[in-house]
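Participant: Assemble chain B onto chain A, guided by the hints.
There are 2 protein chains.
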Amino acid sequence: MDFQLLKTASKTKARLGIITTPRGEIHTPVFMPVGTIATVKAMTPDELVQMGAEIILGNTYHLFLRPGHKTIEKLGGLHQFMNWKKPILTDSGGYQIFSLSQSCKISEEGALFQSPIDGGASHLLTPELAIEIQECLGSDIMMVLDECLPYPATPLVAQESMELSLRWAERSLNARRTKAALFGIVQGGMYKELRKEYIDRLLELSYHRTLAPSHSFEGFALGGLSVGEPIPEMYDLTDFCTNILPQDKPRYLMGVGKPHDLIECIDRGIDMFDCILPTRAARHGTIYTTRGVVTVCNAEYREDPRPLDENCDCYTCQNYSRAYLRHLTNAHEILSARLCTLHNLHYYMSLVREARFAIEQDRYPEFKKEFYNKQENI
Amino acid sequence: MDFQLLKTASKTKARLGIITTPRGEIHTPVFMPVGTIATVKAMTPDELVQMGAEIILGNTYHLFLRPGHKTIEKLGGLHQFMNWKKPILTDSGGYQIFSLSQSCKISEEGALFQSPIDGGASHLLTPELAIEIQECLGSDIMMVLDECLPYPATPLVAQESMELSLRWAERSLNARRTKAALFGIVQGGMYKELRKEYIDRLLELSYHRTLAPSHSFEGFALGGLSVGEPIPEMYDLTDFCTNILPQDKPRYLMGVGKPHDLIECIDRGIDMFDCILPTRAARHGTIYTTRGVVTVCNAEYREDPRPLDENCDCYTCQNYSRAYLRHLTNAHEILSARLCTLHNLHYYMSLVREARFAIEQDRYPEFKKEFYNKQENI
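Just so you know, the sequences run in chain order A and B.
For the first sequence, the tail end lands on 378 under our numbering, and the numbers increase by one without skipping.
For the second sequence, the tail end lands on 378 under our numbering, and the numbers increase by one without skipping.
In isolation and in its complexed conformation, chain A is listed as follows (with noise of 0.2 Å):
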């Protein structure tokens, strides 16, 4: 993977990049649909290559589990098991044992949970398993297995927490054994002085291995936030760590968020995006548009003629009412949950793909000003 930096916006932060993976370019900033087990939800992936996604994301937990690693590789990995041939991040699964396991013991050694599909059988993820599964699922990016800490955490157990952490992105760096990309995750709470040490010792991890230079990080992700912090404190600590963070790699800021949050947060040098708001909140008809936010089940809707988004080239807003996918949601029919998320997913490609063309103007803090003089209801 390379990552090649195009241009830095005057007067933000805001970056015009380019990824390069054997398997396609990524131009970044990038926000990544989110395919959790195998499928973004209701999606082909001919749609989403048509709305322009040049990346998704898999999760490494809900494959591991079901229908597991070991059965996508012998099927020739995760991206002919799905039919979709650009590349595919991975998480390391770390986030999914802390919220959906049943129960959940760390250890030295790496993360004891119960699955919650599979009888409750007993799994434990180590670093060097979490690399063990994406290496199978045959990921373009990979991301280290790390402890996720509860909001709020003590300065004590983010400490330790981090401690613990580092030794498994150093164990993540050792088990690597393909080409694929590893980025690691910064985590360190709420906690400034922690971030900062979190990034410096892992720079220093990845430069330690300049001798062999596959072994080092080709990217770093922000871990913890949006977790319940205030918003301002996310959009801060975010700014705090990208000033550290090194220019020649890629950011990616792990599971944020809403539409707003991609553009202060690429104003604030992101260039990697992921969330499941796009195509969850879809299934429940909420809607993103250039104007704001549509519910699209409010009896408002009854009998409107208009498209979800009148400023929108989707398949959806061409060619379906209000009305019609206000009835669709009421009656739960799939078809609903389909062009919803076409539109949703559309939305935010749309966004960060102007968001590119802002920055390549160098008219970034126009482009956010617009942004927010269109929205009428955030």
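Because the hints were derived from the structure by calculation, they are not lab data.
Bear in mind the structure is a predicted one, so any value in this text is a computation, not a measurement.
Treat each hint with caution, since some may be false.
Claimed, not checked - Straight-line alpha carbon distances no greater than 16 Å define the calculated EDC-like cross-link-like pairs of lysine to aspartate or glutamate that follow: (1) B:Lys74 to A:Glu135; (2) B:Lys74 to A:Asp362; (3) A:Lys13 to A:Asp236; (4) B:Lys86 to B:Glu47; (5) A:Lys86 to A:Glu25; (6) A:Lys192 to A:Asp239; (7) A:Lys41 to B:Glu303; (8) A:Lys70 to B:Glu47; (9) A:Lys74 to B:Glu300; (10) A:Lys70 to A:Glu135; (11) A:Lys74 to B:Asp304; (12) B:Lys70 to A:Asp304; (13) A:Lys13 to A:Asp362.
What the hints assert, rightly or not - If you anchor each label on the Cβ, the simulated ranges turn out as follows: (14) A:Leu6 to B:Glu354: 51 to 59 Å; (15) A:Pro305 to B:Leu124: 26 to 34 Å; (16) A:Pro305 to B:Gln114: 42 to 50 Å; (17) B:Glu354 to A:Glu73: 46 to 54 Å; (18) B:Asn373 to A:Gly119: 39 to 47 Å.
Claimed, not checked - Non-contacting residues of chain B with respect to chain A, defined by C-beta distances greater than 12 Å in every case (computed): (19) Val40; (20) Lys74; (21) Glu163; (22) Pro365.
All residues carry an ideal CB built from backbone N, CA and C; glycine is no exception.
Facilitator: Positioned in the frame of chain A, the structure of chain B alone reads:
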């Protein structure tokens, strides 16, 4: 609406025809995907067109209750509402009143029923209202309201029901205000005598109107079949009825059926079919293929890299393995419903296309034999 009988097979009663409507031609024998509530579940109209669908079915009962025929009329009719430009056949709502409503009282005037969705409100569906709803929807082919007999029904009950339904059929003819086609429905339970009398009297009703030809029936449906009777009896009654029905009108066997039912009933002179089976079964992982039924969630497909049907050129079979579809189905993913529905409908569409081709070539008996020879598990 116009029906042109192009050809009848030399050794069987299989027929080739074209129904012409202002919204397009329908080549018969035809299978009509069911779009109950203004959507063929999980499919877009584009996908239906691509697989060769020339007409779909809409359910008056469901659309009357939600979102309401007046709402749909305001929004430009059902075609515009759901973005389907080809013909739509609507049923009268009768069958659903009897099968889905919490209570239903029949009087001379109509059927009084309680809605299962709007807090149990009472509605009186009369023959006139059934026509009005269908006209508001903008249906291309409407059906008369009839009483649906329970199975089994005594001869006396069947006779009385026929008398009422015939009076309703006449009222339906009188109620029509547009040029949409209207089909009569032949009931009569499992009694051949009654079926014959029913057909004779429907024809009589129709012929009485030769001075106003737009007010006669443009086709005839067989109702009350495939309701629990032995399948050979269903075939036998179908055969009996098509011997009496006029040659120059399309015959529609309502709610039937499995692939081999289509093969058998085309053989007996049926032109039109609809059934929820391919769409509903798909959502439960039951797949129809040229070699028989595949239950996609079976463990045997866990690592099966083959497509659902190796003889199929649908998007699903061209791009996905049984293993992947099994995984999606077990995980209750929306994409599973999409891909399996696409395949099943594509299979039904291919089956009737091949049947039409066989009739054209006057080799229907050979085609039928080949169909059964390929099936491994029916």
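Participant: State for each hint whether it applies.
Facilitator: Verification of the hints:
1. B:Lys74 to A:Glu135: Between Lys74 of chain B and Glu135 of chain A the Cα gap is close to 56 Å, so the pair fails against 16 Å, i.e. violated.
2. B:Lys74 to A:Asp362: 47 Å, violated
3. A:Lys13 to A:Asp236: 13 Å, holds
4. B:Lys86 to B:Glu47: 13 Å, holds
5. A:Lys86 to A:Glu25: Holds, at roughly 8 Å.
6. A:Lys192 to A:Asp239: 11 Å, holds
7. A:Lys41 to B:Glu303: Distance ~22 Å between Lys41 of chain A and Glu303 of chain B Cα, so the pair is violated.
8. A:Lys70 to B:Glu47: 34 Å, violated
9. A:Lys74 to B:Glu300: The given pair, whose Cα atoms are some 15 Å apart, holds under the 16 Å limit.
10. A:Lys70 to A:Glu135: 10 Å, holds
11. A:Lys74 to B:Asp304: The hint holds at about 10 Å.
12. B:Lys70 to A:Asp304: Cα-Cα ~14 Å, so holds.
13. A:Lys13 to A:Asp362: 11 Å, holds
14. A:Leu6 to B:Glu354: 51 to 59 Å: 55 Å Cβ-Cβ, so the 51 to 59 Å window holds.
15. A:Pro305 to B:Leu124: 26 to 34 Å: Taking Cβ atoms as reference, Pro305 of chain A and Leu124 of chain B lie about 30 Å apart, which means the hint holds.
16. A:Pro305 to B:Gln114: 42 to 50 Å: 32 Å, violated
17. B:Glu354 to A:Glu73: 46 to 54 Å: This hint is violated: roughly 39 Å between Cβ atoms.
18. B:Asn373 to A:Gly119: 39 to 47 Å: Hint holds: Cβ distance 43 Å, inside 39 to 47 Å.
19. Val40: Non-interface label fails for Val40 of chain B: nearest chain A Cβ at 8 Å, not farther than 12 Å.
20. Lys74: 6 Å, violated
21. Glu163: 37 Å, holds
22. Pro365: About 40 Å separates Pro365 of chain B from the closest Cβ of chain A, which puts it past 12 Å; holds.
Violated hints, listed in ascending order, are 1, 2, 7, 8, 16, 17, 19, 20; each of the other numbered hints is respected by the structure.
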